[in-house]
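Please take these sequences and the hints and turn them into a complete structure.
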Amino acid sequence: MTEIVARDAAQAAAATGVPTRPSRSWTEIGSEIGDRIYSWSITGFAAFVPILLLLIFLAVGLAAWPALRTFGFSFLTSSDWDPVAGHFGAAPAIYGTIVSSLLALLIATPLALGVAVFLSEFAPPWLRQPVAFGVDMLAAVPSVIYGLWGIFVLIPFLREFLMPFLRDTLHLGVLPLFNGPAYGSSMLAAGLILAIMCLPYISAVTREVLLAVPRSQREAAVGLGATRWEVIRDAVIPYARSGIIGGIILGLGRALGETMAVTMLIGNRHEISASLFAPGYTMASLIANEFSEATGDLHLSALMAVGFVLLLVTFLVNAIARWLVWQTAKER
Amino acid sequence: MSPHDDATAPATDRSGPAASGAPAIRIAVDDLNAYFGQVHAVRHVTVALPDSHVTAIIGPSGCGKSTFLRCLNRMHETIPNARATGKVLLDGHDIYAVSPVAVRRQIGMVFQRPTPFPTMSIRENVAAGLVVGDRRSNRKQQHEIVERALKRAALWDEVKDRLKTSATGLSGGQQQRLCIARALATDPEVLLLDEPTASLDPISTQKVEELIYELRTEVTVVIVTHNMQQAARVSDQTAFFLGGELIEVAPTETMFTSPSDERTESYITGRFG
Amino acid sequence: MATAQTTWGGAPSGRQRAVAERTQRSIRRRRVRSHIMIGLMYAAAVIAILPLLLIVIHLLRMGASSLNLAFFTQTQRPPGEAGGGMANAIVGTLILIAIASAVGLPVGIGAGLYLAEKRATTVRFLADVLNGLPSIVMGIFAWSLLVKPVKHFSALAGGMALGAMMIPMVTRTTEEMVRLVPISLREAALALGYSRWRTSLSIVLRTALGGIVTGALVAMARIAGETAPLLFTALGNQFWSTSLRAPIAALPLQIYNYAISPYDEWHTQAWAAAVVLVGIVLVISLAARVATRRRYGAGD
Numbered sequence: 003m004t005e006i007v008a009r010d011a012a013q014a015a016a017a018t019g020v021p022t023r024p025s026r027s028w029t030e031i032g033s034e035i036g037d038r039i040y041s042w043s044i045t046g047f048a049a050f051v052p053i054l055l056l057l058i059f060l061a062v063g064l065a066a067w068p069a070l071r072t073f074g075f076s077f078l079t080s081s082d083w084d085p086v087a088g089h090f091g092a093a094p095a096i097y098g099t100i101v102s103s104l105l106a107l108l109i110a111t112p113l114a115l116g117v118a119v120f121l122s123e124f125a126p127p128w129l130r131q132p133v134a135f136g137v138d139m140l141a142a143v144p145s146v147i148y149g150l151w152g153i154f155v156l157i158p159f160l161r162e163f164l165m166p167f168l169r170d171t172l173h174l175g176v177l178p179l180f181n182g183p184a185y186g187s188s189m190l191a192a193g194l195i196l197a198i199m200c201l202p203y204i205s206a207v208t209r210e211v212l213l214a215v216p217r218s219q220r221e222a223a224v225g226l227g228a229t230r231w232e233v234i235r236d237a238v239i240p241y242a243r244s245g246i247i248g249g250i251i252l253g254l255g256r257a258l259g260e261t262m263a264v265t266m267l268i269g270n271r272h273e274i275s276a277s278l279f280a281p282g283y284t285m286a287s288l289i290a291n292e293f294s295e296a297t298g299d300l301h302l303s304a305l306m307a308v309g310f311v312l313l314l315v316t317f318l319v320n321a322i323a324r325w326l327v328w329q330t331a332k333e334r
Numbered sequence: 010m011s012p013h014d015d016a017t018a019p020a021t022d023r024s025g026p027a028a029s030g031a032p033a034i035r036i037a038v039d040d041l042n043a044y045f046g047q048v049h050a051v052r053h054v055t056v057a058l059p060d061s062h063v064t065a066i067i068g069p070s071g072c073g074k075s076t077f078l079r080c081l082n083r084m085h086e087t088i089p090n091a092r093a094t095g096k097v098l099l100d101g102h103d104i105y106a107v108s109p110v111a112v113r114r115q116i117g118m119v120f121q122r123p124t125p126f127p128t129m130s131i132r133e134n135v136a137a138g139l140v141v142g143d144r145r146s147n148r149k150q151q152h153e154i155v156e157r158a159l160k161r162a163a164l165w166d167e168v169k170d171r172l173k174t175s176a177t178g179l180s181g182g183q184q185q186r187l188c189i190a191r192a193l194a195t196d197p198e199v200l201l202l203d204e205p206t207a208s209l210d211p212i213s214t215q216k217v218e219e220l221i222y223e224l225r226t227e228v229t230v231v232i233v234t235h236n237m238q239q240a241a242r243v244s245d246q247t248a249f250f251l252g253g254e255l256i257e258v259a260p261t262e263t264m265f266t267s268p269s270d271e272r273t274e275s276y277i278t279g280r281f282g
Numbered sequence: 509m510a511t512a513q514t515t516w517g518g519a520p521s522g523r524q525r526a527v528a529e530r531t532q533r534s535i536r537r538r539r540v541r542s543h544i545m546i547g548l549m550y551a552a553a554v555i556a557i558l559p560l561l562l563i564v565i566h567l568l569r570m571g572a573s574s575l576n577l578a579f580f581t582q583t584q585r586p587p588g589e590a591g592g593g594m595a596n597a598i599v600g601t602l603i604l605i606a607i608a609s610a611v612g613l614p615v616g617i618g619a620g621l622y623l624a625e626k627r628a629t630t631v632r633f634l635a636d637v638l639n640g641l642p643s644i645v646m647g648i649f650a651w652s653l654l655v656k657p658v659k660h661f662s663a664l665a666g667g668m669a670l671g672a673m674m675i676p677m678v679t680r681t682t683e684e685m686v687r688l689v690p691i692s693l694r695e696a697a698l699a700l701g702y703s704r705w706r707t708s709l710s711i712v713l714r715t716a717l718g719g720i721v722t723g724a725l726v727a728m729a730r731i732a733g734e735t736a737p738l739l740f741t742a743l744g745n746q747f748w749s750t751s752l753r754a755p756i757a758a759l760p761l762q763i764y765n766y767a768i769s770p771y772d773e774w775h776t777q778a779w780a781a782a783v784v785l786v787g788i789v790l791v792i793s794l795a796a797r798v799a800t801r802r803r804y805g806a807g808d
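Protein chains in written order, with our numbering: chain S, 3 to 334; chain L, 10 to 282; chain R, 509 to 808.
Please keep in mind that the hints were generated in silico from the structure rather than gathered at the bench. Where a beta carbon is used, it is the ideal one built from N, C-alpha and C, also for glycine. Hints should not be assumed to be uniformly reliable.
[What the hints assert, rightly or not] Incomplete in silico selection of chain S near chain L, CB under 8 Å:
1. Glu-30
2. Glu-34
3. His-89
[As the list claims (entries may be wrong)] Stretches of chain R that chain S covers, calculated by requiring three or more beta carbons in the stretch to come under 8 Å of a beta carbon on chain S:
4. 563–577
5. 649–661
This is how it looks when you write it as structure tokens:
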């Protein structure tokens, strides 16, 4: 019996220290306040993201409005860019953006896919890390460095070797695509440098989706007697297809918006030309190039309008790319 | 509600008031239900967990025993879409009527896998529970508390020379005892153990079991285990769960020699589970 | 392997032999094609790493020799004169990074914590889209908000443009690192009686801190190399200036201006600056890669 009494007493003593009383201790209140402050804080920080995006659209859109209102749809279709006369048509820049980006994708996609398949399917382990690093680090090199290298290495190479080679030696000069004087600064130069710059993005996304293809897919194909290449072509790639396309579009998004390397290599001329050897413009390089010397408010607004178009296009392209990659992730 | 009140003891509870002095009820569970969204994982459980006793909870996988355990310190509700109804009375006070943080400071828990905090040293790990709320103490007191907890967890001798090293350098069994020490350092009234030796080797398992058996004089222990022999070794009272329901609860020896429900008997004799 | 035995007993018929030969030829052809395609993959890999090697080698060749003490301590000389340095640009870049980080890090880490704890797919999606926006758009955004109204260029505007770029970068890397912390750690803390905010900050955040810092460093390295946002915000400055309200020099801006100039001496300086810039960026990126891989085990 004494045991029970002792236990009773101990419990009575303990009970007074139990904070499960109805009245709340400071620490409980403190933790609730803390939780609420924490939750508000991180929500506030997270709100910056959509707010920032909204602000960007508003700021650029408002600055672009005067020019867009003045020129209307012809802003996108007219090639007449004459600051002195006050006419602004951005068609050459839009054309140049499209051509240079497509050229970049054309060159980069097979290479990026090849590297990605190489790395995910059959690179020997000792080679995997260095090659992956070498490709991924291409994304880390600043754009202006690509431009620097482009001016002093790529352009002389084009001017003195590649362009004459394509035009004369291979006689491709009969095609409008490859004729004309070889200045060096050209759509081709821009396309080449853009290809190098978007390659790591396509490669990284492709590698990820390829690695996510379940082993069973490959094993099933091997079991049916497929060669190594056939396993890749018929079992792995189709499974990862939408992710790969997403990666390509992501690369496109990068190429569309690249500024410094392009402005240093493309020649900066308001011209629509069929030849890749001719200089041209992209939307981004136009803004970069003319901004500091913009004459008057309308000129500035026109540049802002170009920026707004660029913003819209890259926003859409990126949204589609992300959505596609997200879809592949969901399917897994 | 007085500690002696056994009115909440369920009909199948054979540990009811005995002439030689009934143990005080530490935790009284009354019609507890737990849900994961629409899934009814714990169904109408009513049971009494006596003070200074080890209660084991056994049952096949998925029977709700871990979920039930987690309702006792309101960890169940930390899962999104999870909720619980009913009453859990700790010394007569409903833990669902106060803040969960306060409840968890009174009721300690050790999980299946050892979870030492990786950025903290051994000492910091054990003292981790001390830095919150009413338990602020000075350095010296903290060192004493840490030492005492490590001794109770039978880990002191092995780590006393390296208290400042990272906790991740310990073996699995040592890490789990570290987690027990961490839970003990806050001097909880109740200690909940969710399959604490499931990921340990036999020697560490034995050490932990000895530890549990010794702890029961100071702390009320509830241990979920899928190992019936372990339940038989360490517990005073055993509860059998099946399909979210409490089928039977009885003193351990009775449960394993002459269970009253045939489902209990099937499980114990290995016919399923 | 095609066999000629397709009937019981007897030698294979002429027709059976012909089918077998055709099958074997087709298998051979497929094998050859496979080898060719795989060879092409190897070639693609070689071609893909070529640009990086070419650029780095060329940078070192052209720029390493011009890296002397003067480069790091003096400002630019008038055109035509050799020597001088980019001290103002180096300091300018550091100041811009500091301003950008003051905005980008708290917001990025806070938003990353939010994304890791809640199922906010829209915000995550928007952060990814922001990540892909051209840096020149960020530049004109900062121009129209921070330069145009006050009619002068400033380091602050440049830093803000870079900070806006940092936000989505840091948000995503923080989220990824926090998600890697096992739920069991969070539960262990909650079971000890930690409140949610304390769990998130002193346990989860603390555990993920190494990865978060790495992500922050990578983001800083990336924006250190950005030129376009600075073209009409920070503008560049040929003189020594550390004022936040005035135009400020920056390494990438300087490289751009020097590269398109007609002066050989400036070209040499541009190469030297390029070595410094690429060196910093590549070293940080490599270190980050090694650190994250070691911490979390996964290979490529």
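Against the structure, the hints:
For the restraint placing Glu-30 of chain S at the interface with chain L, the shortest Cβ-Cβ distance is roughly 4 Å, inside the 8 Å limit, so the hint holds. The restraint placing Glu-34 of chain S at the interface with chain L holds, with a minimum CB-CB distance near 7 Å, inside the 8 Å limit. Taking 8 Å as the C-beta cut-off, the interface hint given for His-89 of chain S is violated, the closest approach to chain L being about 59 Å. Counting residues of the region 563–577 of chain R whose C-beta sits closer than 8 Å to any C-beta of chain S gives 4, which meets the bar of three, so the coverage hint holds.
For the region 649–661 of chain R, the stated coverage by chain S holds: 4 residues have a C-beta nearer than 8 Å to a C-beta of that chain, and at least 3 were required.
Figure legend: structure checked against the earlier numbered hints; the only hint not met is number 3.
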